[in-house]
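Input sequences plus hints: build the corresponding full structure.
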Amino acid sequence: MNIKHHLDEATLVSYAAGAMSQAMALVTACHISMCPTCRERLAHSEAMGGILLESLSPADVSEDALQTLLDCIDEEPDLGAELLDCTHPNETESRTHTYDKGIPHALGDYIGGSLDNVEWKRIVPGVYFHDLPCKSERGGVSRLLRIAPGKAMLPHSHDGNELTLILQGSFSDEIGRFTVGDIADLDNEVEHQPLVDSDVDCICLIATDAPLKFSTLLGKIVQPMTGF
Amino acid sequence: MENKPPGEDVENVVAMPTVTDHKTSADPDWSALLTRLTEHKDKAVYVRLFRHFAPRVKAYLIRLGLVESVAEELMQETMLTVWRKAHLYNSQKAAASTWIFTLARNKSIDLMRKQKYPECDLEQWEEEPDDQHDPCEQRIIAERMNQAINTLPENQAQVIYMSFFEGRSHSDISSRLGIPLGSVKSRIRLASEKLKWMWREGV
Ligand SMILES: [Zn+2]
Chain A
317 MNIKHHLDEA TLVSYAAGAM SQAMALVTAC HISMCPTCRE RLAHSEAMGG
367 ILLESLSPAD VSEDALQTLL DCIDEEPDLG AELLDCTHPN ETESRTHTYD
417 KGIPHALGDY IGGSLDNVEW KRIVPGVYFH DLPCKSERGG VSRLLRIAPG
467 KAMLPHSHDG NELTLILQGS FSDEIGRFTV GDIADLDNEV EHQPLVDSDV
517 DCICLIATDA PLKFSTLLGK IVQPMTGF
Chain B
11 MENKPPGEDV ENVVAMPTVT DHKTSADPDW SALLTRLTEH KDKAVYVRLF
61 RHFAPRVKAY LIRLGLVESV AEELMQETML TVWRKAHLYN SQKAAASTWI
111 FTLARNKSID LMRKQKYPEC DLEQWEEEPD DQHDPCEQRI IAERMNQAIN
161 TLPENQAQVI YMSFFEGRSH SDISSRLGIP LGSVKSRIRL ASEKLKWMWR
211 EGV
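Residue numbers (the numbering used here), protein chains in the order written: chain A, 317 to 544; chain B, 11 to 213.
Do not rely on the hints blindly, as some may be mistaken.
What the hints assert, rightly or not - Straight-line alpha carbon distances no greater than 25 Å define the calculated DSS-like cross-link-like pairs of lysine-lysine that follow:
(1) B:K103 - B:K126
(2) B:K53 - B:K95
(3) B:K117 - B:K103
(4) B:K103 - B:K53
(5) A:K320 - B:K206
(6) B:K51 - A:K451
(7) A:K320 - B:K204
(8) B:K124 - A:K451
(9) B:K95 - B:K117
(10) A:K320 - A:K417
(11) B:K95 - B:K124
(12) B:K103 - B:K51
(13) B:K53 - B:K117
(14) A:K451 - A:K320
(15) B:K126 - A:K417
(16) A:K437 - A:K451
(17) B:K126 - B:K95
(18) A:K451 - B:K126
These are calculated hints, taken from the structure and not from any lab test.
Take a look at the structure:
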């Protein structure tokens, strides 16, 4: 995989901190799964969390709490560890069987492991969406979008952040060309109109933390119908 | 849900935690201790890790806005996970404090949102980045980071604390501080890049 577009540093920090909506965290986790570069960068951001944890003044913890845990551990002696060791590979195996290649687990959990299982709803001819049950904030969305070759997303800008991860196909916009694994990590300073520029449907995973702002009349008409 | 909804504790916004200037050299090497647990589930080692990390995990959960009893319960769950998942810990990938931080973070999110925090998976994507670390680097990073964080300008430290200790999103921080979203992100970027630069330079 040849990934050219990565996560913004501020997005990685927010993910590491556990400070994102579920919707934004899903897209971020999926890109990190696919991208060794961002995985390496995330390790640094999470190290920040480790240091901050170390820096906190310790809270009171009773000796009882420790004893409770030790009792709990006694009830699951080495058997517990063995069970974990055995179940882990099995779990991995069954997941690999049921999840299509190229589908990060975080997303696979929501779509039965395959994009083939997704029930699409049509917005306009050639443009389909499927809403995911992840919580977003401030009227944002969590959804899959499928756009036919030669079609364009309506031109829009944002009040907040927008994350778009390419799962299949490709598109181009004012910023560049995005192929599988690439992420467009945009905020309110950008207006763009993605155009699908290869001969397969482009499928993207999208999250926003505010409604999009459409700059055309058609967009303004379609918006209330689709919840974008 | 007993925890306070984030955002109700306005005075918390500017309250900085005291970052203790602790001497890492005087502490045992927690990552090495946790690694011993990876090889052999030794309760004496676990007790030492518990005494050090449990009070900090609880303090972190309280800062996130959980009431004391819930924080206590989640701390116990987190520390039990440390025992159960110790065999998955890899000191080359993360310091002990970092690994335990991510466990506590995920537990708190699962509880507060009633949705599992989306985690990245590594099994099917086996490519590794080109530059591999030597085993002690995580510990060195941790020491340098501790020094570096105290040198951040206050407005950068503030957005880092609001992210990690209050769990606030960019847009939430933007409206609380009354500054544009772009400024929140550039402060976080500056802080993060400064810390990374300091690691590299060993300042
Ligand atoms: Zn990346």
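Status of each hint after checking the structure:
no. : hint            : in the structure
1   : B:K103 - B:K126 : 23 Å, holds
2   : B:K53 - B:K95   : 14 Å, holds
3   : B:K117 - B:K103 : 20 Å, holds
4   : B:K103 - B:K53  : 24 Å, holds
5   : A:K320 - B:K206 : 21 Å, holds
6   : B:K51 - A:K451  : 38 Å, violated
7   : A:K320 - B:K204 : 24 Å, holds
8   : B:K124 - A:K451 : 10 Å, holds
9   : B:K95 - B:K117  : 14 Å, holds
10  : A:K320 - A:K417 : 20 Å, holds
11  : B:K95 - B:K124  : 22 Å, holds
12  : B:K103 - B:K51  : 20 Å, holds
13  : B:K53 - B:K117  : 23 Å, holds
14  : A:K451 - A:K320 : 28 Å, violated
15  : B:K126 - A:K417 : 22 Å, holds
16  : A:K437 - A:K451 : 20 Å, holds
17  : B:K126 - B:K95  : 18 Å, holds
18  : A:K451 - B:K126 : 11 Å, holds
Violation of the numbered hints given earlier is confined to hints 6, 14; the remaining hints are satisfied by the structure.
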